[in-house]
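Novice: Taken in sequence, the protein lines are chains W and A.
For the first sequence, the positions run 4 to 805 when my numbering is used.
For the second sequence, the positions run 2 to 141 when my numbering is used.
Think of the hints as simulated: they come from the structure by calculation, not from any bench.
From the three backbone atoms N, C-alpha and C, an ideal C-beta is built for every residue, glycine too.
Treat each hint with caution, since some may be false.
[Stated by the list, open to error] EDC-like cross-link-like pairs, simulated, lysine to aspartate or glutamate; straight-line CA separation at most 20 Å: (1) Lys651/W x Asp708/W; (2) Lys651/W x Asp596/W; (3) Lys792/W x Glu111/A; (4) Lys706/W x Glu776/W; (5) Lys792/W x Asp103/A; (6) Lys71/A x Glu687/W; (7) Lys792/W x Glu109/A; (8) Lys794/W x Asp140/A; (9) Lys794/W x Glu92/A; (10) Lys70/A x Asp708/W; (11) Lys792/W x Glu59/A.
[Stated by the list, open to error] Estimated spans, in silico, between C-beta atoms of each pair: (12) Ile606/W x Ser34/A: 15 to 25 Å; (13) Thr110/A x Thr691/W: 35 to 45 Å; (14) Phe67/A x Thr637/W: 39 to 49 Å; (15) Gly204/W x Glu92/A: 29 to 39 Å.
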Amino acid sequence: MYTVNLAIIIPFLAAMIVPIIYKRIKGIHVGWFVFLVSTALFLYLVSYIPNIASGETYLYTFEWIPSYNINFITYLDGLSLIFALLITGIGSLVTIYSIYYLSSEENLSHFYTYLLLFMGAMLGVVFSDNIMVLYVFWELTSISSFLLIAFWYHRKSSRDGAQKSLLITISGGFGMLVGFIMLYVMTGTMSIREMITTISGFHDHPLFIPAMLLILLGAFTKSAQYPFHIWLPTAMEAPTPVSAYLHSATMVKAGIYLVARFTPVFGGELTWFWVVTIVGIITLFWGSFNAIRQTDLKALLAYSTISQLGMIMSMIGISSVALRHGHSMNMVIYTQAAFAAIFHLINHSTFKGALFMVVGIVDHELGTRDIRRLGGLATLMPITFTISIIGSFSMAGLPPFNGFLSKEMFFTSILSVRELHFTSEVWMGLIPVVAWAASILTFVYCMIFVFKTFLGKYQEEKLEHPAHEAPFGMLFSPIVLGLFVILIFFFPNVLGNYVIKPAMYSIFPQLGAEDLGQHVSAWHGFNLELKMTIGVIVFGAFLFIFLRHWKGLYNWILPEKLSFNALYGNSLELIEKVSKIITNSYMTGHLRDYMVYIYIFFIIAVGGTLLNTKAFLFDIEQYSTVTEFEWLITIAMIIAAISMLLVKSRLTAILLNSVLGYGVSIFFVIFRAPDLALTQTVIETVTTVLFLAAYYFLPEWKKEDSKKRSKIVNGIVSVAVGVIFTTIALAVQNGKLFESISSFYENAYELAGATNIVNAILGDFRAFDTMLEVVVLLIAGLGVYTFIKLKARKGDNPLEDK
Amino acid sequence: MKTNNVILRAVVKLVVFIILTLAVYLFLSGHHSPGGGFIGGLVVAAALVLLFVSFDIETVRGAIPFDFKKVAALGAFISVTTGFGSLLFGEPFLSQTFAYFDLPFFGETELTTVTIFEAGVALVVVGVVVTIILSIVEDV
Numbered sequence: 004m005y006t007v008n009l010a011i012i013i014p015f016l017a018a019m020i021v022p023i024i025y026k027r028i029k030g031i032h033v034g035w036f037v038f039l040v041s042t043a044l045f046l047y048l049v050s051y052i053p054n055i056a057s058g059e060t061y062l063y064t065f066e067w068i069p070s071y072n073i074n075f076i077t078y079l080d081g082l083s084l085i086f087a088l089l090i091t092g093i094g095s096l097v098t099i100y101s102i103y104y105l106s107s108e109e110n111l112s113h114f115y116t117y118l119l120l121f122m123g124a125m126l127g128v129v130f131s132d133n134i135m136v137l138y139v140f141w142e143l144t145s146i147s148s149f150l151l152i153a154f155w156y157h158r159k160s161s162r163d164g165a166q167k168s169l170l171i172t173i174s175g176g177f178g179m180l181v182g183f184i185m186l187y188v189m190t191g192t193m194s195i196r197e198m199i200t201t202i203s204g205f206h207d208h209p210l211f212i213p214a215m216l217l218i219l220l221g222a223f224t225k226s227a228q229y230p231f232h233i234w235l236p237t238a239m240e241a242p243t244p245v246s247a248y249l250h251s252a253t254m255v256k257a258g259i260y261l262v263a264r265f266t267p268v269f270g271g272e273l274t275w276f277w278v279v280t281i282v283g284i285i286t287l288f289w290g291s292f293n294a295i296r297q298t299d300l301k302a303l304l305a306y307s308t309i310s311q312l313g314m315i316m317s318m319i320g321i322s323s324v325a326l327r328h329g330h331s332m333n334m335v336i337y338t339q340a341a342f343a344a345i346f347h348l349i350n351h352s353t354f355k356g357a358l359f360m361v362v363g364i365v366d367h368e369l370g371t372r373d374i375r376r377l378g379g380l381a382t383l384m385p386i387t388f389t390i391s392i393i394g395s396f397s398m399a400g401l402p403p404f405n406g407f408l409s410k411e412m413f414f415t416s417i418l419s420v421r422e423l424h425f426t427s428e429v430w431m432g433l434i435p436v437v438a439w440a441a442s443i444l445t446f447v448y449c450m451i452f453v454f455k456t457f458l459g460k461y462q463e464e465k466l467e468h469p470a471h472e473a474p475f476g477m478l479f480s481p482i483v484l485g486l487f488v489i490l491i492f493f494f495p496n497v498l499g500n501y502v503i504k505p506a507m508y509s510i511f512p513q514l515g516a517e518d519l520g521q522h523v524s525a526w527h528g529f530n531l532e533l534k535m536t537i538g539v540i541v542f543g544a545f546l547f548i549f550l551r552h553w554k555g556l557y558n559w560i561l562p563e564k565l566s567f568n569a570l571y572g573n574s575l576e577l578i579e580k581v582s583k584i585i586t587n588s589y590m591t592g593h594l595r596d597y598m599v600y601i602y603i604f605f606i607i608a609v610g611g612t613l614l615n616t617k618a619f620l621f622d623i624e625q626y627s628t629v630t631e632f633e634w635l636i637t638i639a640m641i642i643a644a645i646s647m648l649l650v651k652s653r654l655t656a657i658l659l660n661s662v663l664g665y666g667v668s669i670f671f672v673i674f675r676a677p678d679l680a681l682t683q684t685v686i687e688t689v690t691t692v693l694f695l696a697a698y699y700f701l702p703e704w705k706k707e708d709s710k711k712r713s714k715i716v717n718g719i720v721s722v723a724v725g726v727i728f729t730t731i732a733l734a735v736q737n738g739k740l741f742e743s744i745s746s747f748y749e750n751a752y753e754l755a756g757a758t759n760i761v762n763a764i765l766g767d768f769r770a771f772d773t774m775l776e777v778v779v780l781l782i783a784g785l786g787v788y789t790f791i792k793l794k795a796r797k798g799d800n801p802l803e804d805k
Numbered sequence: 002m003k004t005n006n007v008i009l010r011a012v013v014k015l016v017v018f019i020i021l022t023l024a025v026y027l028f029l030s031g032h033h034s035p036g037g038g039f040i041g042g043l044v045v046a047a048a049l050v051l052l053f054v055s056f057d058i059e060t061v062r063g064a065i066p067f068d069f070k071k072v073a074a075l076g077a078f079i080s081v082t083t084g085f086g087s088l089l090f091g092e093p094f095l096s097q098t099f100a101y102f103d104l105p106f107f108g109e110t111e112l113t114t115v116t117i118f119e120a121g122v123a124l125v126v127v128g129v130v131v132t133i134i135l136s137i138v139e140d141v
């Protein structure tokens with residue numbers, strides 16, 4: 004059955020139940036329910052590991068909108084399994100943590116609904132094989148991230164951070180959608196698996212490079228790559244469990260997932276290699292460089308996340324070389340960069356998750372996370388201190404923690420770039436140097452994190468609460484993650500063989516299984532990588548000790564007004580200003596103007612089509628003659644219409660208007676359209692009542708005192724609309740514009756069991772339209788209700804200003 | 002001059018039931034003859050509006066204690082969720098089906114899933130029309 008599809012649906016269903024549980028069951032914290040859901044999913048996915056490790060994959064197809072090639076296809080392979088395990092595993096830990104972190108006075112039902120929404124969307128991203136379905140889930144992760152960042156929406160900074168992240172990730176996602184459509188145009192399929200098998204014939208297609216760059220745009224905005232990284236530090240306004248979960252462990256890695264997933268499609272292209280690697284390296288350097296100057300612990304971790312994401316991205320970029328020129332044997336060595344990337348991705352989730360939780364604990368217990376006010380906590384919070392040592396030493400790349408292993412492998416892969424002769428030796432040699440410099444800076448900010456927070460002088464007068472150790476509930480999750488950091492160091496090959504190796508099959512399906520995967524060992528001889536690590540420690544320690552002597556450089560190199568943040572802020576302001584000017588220029592607030600726009604559009608679009616297609620030519624001879632009775636009704640309607648212009652009271656005008664409506668319904672009866680007549684009569688009745696209800700609010704009916712020019716425009720527009728509409732009505736029978744579609748529905752009785760074709764169309768053949776119309780009607784009704792009932796009274800303070 | 006609604010009210014009390022019966026008839030006959038969820042819903046709405054016009058809002062509210070916003074939301078919920086029903090049988094979203102049953106009293110009857118879908122449509126129409134008219138009227 005569709006078990007993996009269900010795994011995606013379950014979090015959404017659970018999200019629906021959360022508010023009910025929150026309301027009905029008071030005794031148990033609603034977070035435990037969320038924990039149950041994510042743990043069950045985690046254990047379920049764990050049960051797939053043995054089969055996936057032996058090279059199996061699972062494909063479930065669920066036909067959704069087959070006529071548009073859009074099917075809900077899930078594909079469970081090594082790569083998606085790793086991400087799914089991180090999503091559900093870290094999700095469970097974060098949930099436990101959040102139960103103790105968030106005060107019970109917060110709006111917990113919103114929080115956990117959004118969290119589950121995110122979990123489902125994220126599982127959808129990693130399991131979807133159909134690019135359109137993937138796109139929908141992709142944007143859903145952005146939306147749930149927006150909701151979670153703005154969880155404390157009464158704070159202006161939260162709203163701004165949420166807006167920034169939404170604008171950047173959604174516009175990147177939109178670019179990605181265009182790239183997906185280009186891929187579809189090229190290959191004719193929406194399935195990623197099918198693309199991988201057919202893409203080799205399209206490398207010279209003019210859309211190939213644009214599609215690649217647009218998809219990368221989506222991945223880079225999501226994974227906070229330079230220069231789109233600016234949203235991640237502001238996203239730290241979210242509650243800390245959210246930062247630990249979305250903005251370090253899972254969502255920001257969706258971009259990396261996408262790049263890895265599309266490596267078999269685009270890998271081997273030089274453009275792909277250069278863009279992914281260079282952007283990754285710049286992000287790595289820029290993130291670590293900026294992390295040092297931060298005084299807010301969370302901002303420091305945000306920049307460090309940016310930097311680490313850049314590092315993983317660059318490794319995936321390097322690994323794509325393995326697919327160049329078919330697959331010659333000496334290129335296989337580059338696949339180990341992808342191995343290192345995934346290995347580091349897992350390691351990063353463990354140590355960064357733990358570090359975020361540590362910051363959350365400090366913030367929660369002490370009321371501040373400003374480095375300048377912290378210090379000397381080591382003896383007061385020993386467990387927290389230990390976890391942060393484990394986490395940050397792993398991040399700095401020191402043994403015996405898992406970060407050491409992946410950092411060494413990173414050096415190996417970055418050094419292997421030197422053997423590629425794509426451009427001059429100097430440039431190729433620069434890449435490892437920049438990466439090494441970034442590692443030194445990484446070491447420095449890791450030391451800042453530990454030593455400035457936990458050592459030094461304890462300054463109680465600067466804290467909101469005196470320091471003490473956190474409750475066990477909050478410590479549990481970081482301890483688990485910290486244990487993983489150490490366990491992975493000692494048993495890296497368990498992870499490598501069972502989890503990472505199958506993922507390699509997914510990234511390099513063109514290569515044989517025997518070439519992929521590798522043995523990880525902590526001691527690999529006194530080689531260049533180890534010397535680089537020693538260099539990192541020596542230079543890093545030196546820079547850390549003399550930090551205050553060179554920190555002033557930052558203000559000199561990076562003035563605030565030249566940053567990308569300033570660029571973002573200014574362009575947002577400019578866009579708002581310009582769009583306000585444009586909108587105000589045509590949104591005059593006069594009903595007459597809006598009517599003119601609508602009718603002029605009608606004249607141009609419909610009249611233009613009529614002229615263009617010569618559909619207005621009709622032969623009146625072939626129509627049946629008009630009977631006396633029909634003449635009578637017509638004349639009555641004409642009189643009603645003309646006198647409507649001349650009457651003195653509004654009430655009379657309303658009644659004359661209904662004469663027109665009922666006249667039309669009489670015509671429906673005569674022309675044997677009883678259902679239309681029925682609908683028209685009832686609608687006419689209801690609208691007349693509505694009119695009378697609104698009557699009270701309408702101003703006095705008086706002669707309009709408008710300018711001559713607008714009167715002339717009104718006249719022309721009305722006559723033109725009338726002429727066009729009459730022409731359509733008369734010409735519609737000539738069948739020039741469209742083929743008759745009735746043949747399609749003729750066998751309604753056989754297909755839908757209905758003899759009323761109209762309703763068979765509404766309820767069966769085109770039920771989707773009806774369903775959406777119903778929803779639109781509901782929205783319109785609620786819109787009217789809110790406009791009238793909830794309008795701001797005079798003297799109310801607008802919420803936005805707070 | 003004091004207005005007197007006695008005749009109107011007496012007639013309405015009777016006529017409303019005729020209109021509602023018509024609405025049910027229209028709703029059920031929609032599969033084979035003119036009618037259906039939309040018209041059925043509109044006729045119910047018209048009957049309710051007639052009640053509101055001839056009696057005052059409070060009295061009718063007391064007799065029909067529904068929140069019509071919720072009625073509309075329930076309708077949209079029914080319409081959308083019936084679409085998912087077909088997924089359980091491996092059919093595309095919103096596929097409808099029908100079958101003939103031999104029911105006591107009614108004899109051989111055709112039952113179809115469209116009826117559920119149309120019931121949702123009818124509820125939305127009733128809910129939205131009454132909500133709009135009431136919120137305009139009450140905003141004095």
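Novice: With reference to the structure, classify each hint as holding or not holding.
Specialist: Evaluation of the provided hints:
1. Between lysine 651/W and aspartate 708/W, the direct Cα distance comes to roughly 15 Å. Compliance with the 20 Å bound is thereby established for this hinted pair.
2. Under the criterion of a C-alpha separation no larger than 20 Å, the hint pairing lysine 651/W with aspartate 596/W is inconsistent with the structure, at around 24 Å.
3. Of the supplied pair hints, the one linking lysine 792/W and glutamate 111/A is violated, its CA atoms being roughly 44 Å apart against a limit of 20 Å.
4. Straight-line distance between C-alpha atoms of lysine 706/W and glutamate 776/W comes to about 38 Å, which puts the hinted pair past the 20 Å bound.
5. In summary, the hint linking lysine 792/W to aspartate 103/A is not supported, as the alpha carbons are separated by about 50 Å, beyond the 20 Å threshold.
6. The straight-line distance between the Cα atoms of lysine 71/A and glutamate 687/W is roughly 25 Å, outside the 20 Å bound, and the hint therefore fails.
7. The straight-line distance between the Cα atoms of lysine 792/W and glutamate 109/A is roughly 49 Å, outside the 20 Å bound, and the hint therefore fails.
8. Taking the CA atoms of lysine 794/W and aspartate 140/A, the gap is about 11 Å. The hint holds against a cut of 20 Å.
9. Distance restraint check for lysine 794/W and glutamate 92/A: the Cα-Cα separation of roughly 45 Å exceeds the 20 Å cut-off, and the hinted pair is therefore not satisfied.
10. For the suggested pair lysine 70/A and aspartate 708/W, the alpha carbons sit about 41 Å apart, so the restraint of at most 20 Å is broken.
11. Of the supplied pair hints, the one linking lysine 792/W and glutamate 59/A holds, its CA atoms being roughly 17 Å apart against a limit of 20 Å.
12. For the pair isoleucine 606/W and serine 34/A, the supplied restraint of 15 to 25 Å is violated, since their beta-carbon distance comes to about 39 Å.
13. Range check, threonine 110/A to threonine 691/W: Cβ separation about 38 Å, and the 35 to 45 Å hint holds.
14. Checked against the hint of 39 to 49 Å, the C-beta distance between phenylalanine 67/A and threonine 637/W comes to roughly 43 Å, which is consistent with it.
15. A C-beta distance of roughly 35 Å is found between glycine 204/W and glutamate 92/A, which places it inside the suggested range of 29 to 39 Å.
Hints 2, 3, 4, 5, 6, 7, 9, 10 and 12 from the list above are not met by this structure, while the remaining hints are.
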